[in-house]
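Asks: One letter stands for each residue in the lines below.
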Amino acid sequence: MQTEGRIQDEVSHLFRRESGKMVSVLTRVFGPHNIDLVEDVVQDTLLKALEQWRFRGIPENPSGWLYTVAKNKALDIVRRERLKNNLNDEIAYLLKSEYSVIPTLHELFSKSEIQDDQLRMMFVCCHPSISQETQVAMILKTLCGFGVREIASAFITNDEVIQKRIYRGKQVFREEQIALELPSEVHLEDRLDGVLQALYLLFNEGYSSASSDELIRKDLAEEALRLTLMLTENERTALPQVYALSALMMFHLARLSSRIDESGNILLLDEQDRSKWDERFIARGLEYLDRSASGDELTTYHIEAAIASVHATARSSRETDWAQIVVLYNKLYDKNRSPVTALNRSIAISELKGPKAGLAAIDTIENLNLLHDYFLLPAAKGEFYSRLNDTENAYKYFTEALNLTDSVYEKKLLQKKIARLE
Amino acid sequence: MKEYLYLFRGGEDPHEMEKKAGPEAWEQHMLKWKTWMESLASSGKYVGGQPLAMGGSVISGAERFMTDGPFIEGKDIINGYLHIRANDLKEASELAKGCPILDIVGSVEVREINSMM
Amino acid sequence: MNEYLYLLRGGDEARIAAKNDPEAWGAHMMQWKTWIESLEAKGHLSGGQPLADSGRVLREKAKKVTDGPFIEGKEIVGGYLLIKAKDLDEATEIAKDCPHFVYGKSVEIREVKQLAM
Chain A
1 MQTEGRIQDE VSHLFRRESG KMVSVLTRVF GPHNIDLVED VVQDTLLKAL
51 EQWRFRGIPE NPSGWLYTVA KNKALDIVRR ERLKNNLNDE IAYLLKSEYS
101 VIPTLHELFS KSEIQDDQLR MMFVCCHPSI SQETQVAMIL KTLCGFGVRE
151 IASAFITNDE VIQKRIYRGK QVFREEQIAL ELPSEVHLED RLDGVLQALY
201 LLFNEGYSSA SSDELIRKDL AEEALRLTLM LTENERTALP QVYALSALMM
251 FHLARLSSRI DESGNILLLD EQDRSKWDER FIARGLEYLD RSASGDELTT
301 YHIEAAIASV HATARSSRET DWAQIVVLYN KLYDKNRSPV TALNRSIAIS
351 ELKGPKAGLA AIDTIENLNL LHDYFLLPAA KGEFYSRLND TENAYKYFTE
401 ALNLTDSVYE KKLLQKKIAR LE
Chain B
1 MKEYLYLFRG GEDPHEMEKK AGPEAWEQHM LKWKTWMESL ASSGKYVGGQ
51 PLAMGGSVIS GAERFMTDGP FIEGKDIING YLHIRANDLK EASELAKGCP
101 ILDIVGSVEV REINSMM
Chain C
1 MNEYLYLLRG GDEARIAAKN DPEAWGAHMM QWKTWIESLE AKGHLSGGQP
51 LADSGRVLRE KAKKVTDGPF IEGKEIVGGY LLIKAKDLDE ATEIAKDCPH
101 FVYGKSVEIR EVKQLAM
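The listed protein sequences correspond, in order, to chains A, B and C. Just so you know, the numbering used here puts 272 at position 272 of the first sequence, and the rest follows in order with no gaps. Just so you know, the numbering used here puts 40 at position 40 of the second sequence, and the rest follows in order with no gaps. Just so you know, the numbering used here puts 13 at position 13 of the third sequence, and the rest follows in order with no gaps.
Keep in mind that the hints are not guaranteed to be accurate.
Derived pair list, reagent style DSS-like, types lysine-lysine, alpha-carbon separation capped at 27 Å [as the list claims (entries may be wrong)]:
no.	chain 1	residue 1	chain 2	residue 2
1	C	Lys113	A	Lys73
2	C	Lys113	B	Lys45
3	A	Lys416	A	Lys353
4	B	Lys2	C	Lys19
5	B	Lys20	C	Lys113
6	B	Lys75	C	Lys105
7	C	Lys84	B	Lys45
8	A	Lys353	A	Lys417
9	B	Lys32	C	Lys64
10	B	Lys97	B	Lys34
11	A	Lys218	A	Lys411
12	C	Lys64	B	Lys90
13	C	Lys86	A	Lys73
14	B	Lys97	B	Lys45
15	B	Lys20	C	Lys64
16	A	Lys84	B	Lys34
17	B	Lys34	C	Lys84
Source of the hints: derived by calculation from the structure; they are not laboratory data.
Work the whole structure out from these sequences, hints included.
Replies: So this is what it looks like as structure tokens:
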């Protein structure tokens with residue numbers, strides 16, 4: 001007899017993994033407009049599993065068990081909804097007839113179809129009429145099996161805010177009659193752009209979010225990579241920019257666990273124990289960066305991945321090819337004209353030519369006022385002044401930065417730097 | 001384009017089939033149905049259709065006399081129908097040749113959908 | 001809610017005779033229209049059509065094609081309706097009002113079969 005606690009642990013992990021798959025497949029059956037119905041079927045399936053497994057233990061093939069239950073529940077509801085013409089139009093004719101409904105459901109729950117449906121679901125969640133923050137929430141809810149509370153915790157906001165976003169997302173699902181399919185050739189790259197942006201955001205949310213829950217952060221970053229890799233496995237979406245984004249994520253994930261020490265302090269690049277960087281991720285990152293080199297378009301993901309690769313392959317901060325990094329930041333800035341990129345470039349310049357050059361570079365940033373509440377700006381200035389032994393200015397800017405960030409980690413880091421000044 | 005109704009009779013019972021050839025045999029057979037319907041649909045010929053349960057009732061005559069079940073015996077009972085589109089009776093009959101029920105000792109009656117006039 | 005198929009049989013000769021009397025036939029068509037409307041209004045109607053007399057039958061593996069329906073000595077199916085009802089009793093009750101009985105012989109009521117997963 002398995003203990004309640006163990007069952008719950010195993011089950012919640014499995015549930016999160018499988019519910020995203022079941023939601024995708026069932027959305028194929030009932031259509032995106034029936035997302036609430038779809039979530040009910042998944043919820044019922046998981047409840048039934050909890051009930052039965054508590055007494056009989058976890059079955060040998062738990063995923064298969066879940067799919068069988070979900071399939072049976074889906075069949076009952078298909079039989080009810082077909083009389084109301086409330087099925088996914090695209091395959092309704094196969095679902096409506098008893099001659100074909102069962103083999104059709106079996107096929108939809110097969111491995112390759114599940115994978116494709118998750119891909120299609122990604123495009124539905126990232127539909128252009130859904131705002132980007134809602135897109136990310138919908139991905140987490142439908143594809144990653146995250147609960148409202150977990151999403152809220154990842155975004156450091158309350159349940160209500162997330163609930164509202166999901167409500168709006170579902171409203172679009174219902175009202176816009178979005179088809180669950182990969183966009184046509186003409187629209188594919190445009191729509192893929194939207195999906196990659198959402199995945200990039202999801203990854204950053206995990207990698208550098210202010211949430212203090214390390215587990216959730218890691219989950220977010222890994223889920224973003226899982227979904228991006230899924231795009232590389234379909235021939236229509238395996239485009240150079242997708243490989244570039246995958247590489248970028250892998251380089252960052254390689255050093256994710258070295259970024260924070262045991263007491264929860266952020267370790268800067270030059271403080272990290274590089275032997276702890278995950279070499280398998282770095283090797284895969286290089287492989288994917290290599291694959292991203294086909295085609296003639298250089299996207300921002302390509303450049304960011306290249307920058308990350310220079311860091312990932314340097315033996316120490318001092319031995320880093322900062323000149324190369326400055327060149328890459330120049331290219332990136334040419335593409336996105338973002339003051340954040342310019343700020344990062346000035347940090348690289350300070351590594352290459354000293355803190356004075358860094359400060360000078362900051363002074364020339366166009367639209368610097370856009371960064372007026374971005375804590376990294378005063379944090380960087382503070383660092384430059386601190387290296388110039390200008391304690392007064394260093395203190396002023398570090399304090400300013402401290403007031404601009406909510407992140408527990410960043411606050412700790414800044415406090416450490418201030419303490420060092422005294 | 002005209003419309004036709006296929007009326008199915010005969011064919012093997014799923015339980016008999018499973019006993020004889022294992023559970024996969026029936027699954028394979030149903031897969032054939034799905035494939036056939038997909039091919040009809042892909043050329044715009046498919047409208048709809050269902051298998052029919054064995055029981056039922058029959059009402060007859062002006063006095064609405066009711067009996068249980070179809071009163072025809074065994075192999076003559078209609079056990080399913082399919083509604084399709086075809087250019088003429090010849091094409092409808094050709095398309096019917098793809099029907100999996102013919103592989104298991106069944107028959108298809110092909111009938112044109114008529115106007116009442 | 002389940003689906004039922006009505007198989008309408010018999011009365012071909014009576015109908016042919018009625019067609020020669022435009023007034024009687026017009027009234028009959030109106031009966032059909034009114035009945036179909038009431039089925040639709042109550043959410044019972046899924047579809048249905050009359051069928052032409054001629055047709056073909058394909059039999060078994062050889063896919064032997066023969067002309068015409070059909071079953072010796074039995075009434076051929078002259079039309080069908082697909083109906084939503086909560087059970088066989090309700091489906092049978094609904095069928096009693098079918099205008100088919102004006103000229104026809106019988107309505108066979110059959111439930112759509114739910115195959116097992």
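Asks: If you check each hint against the structure, which ones fail?
Replies: Of the numbered hints given earlier, the structure breaks none, since each of them holds.
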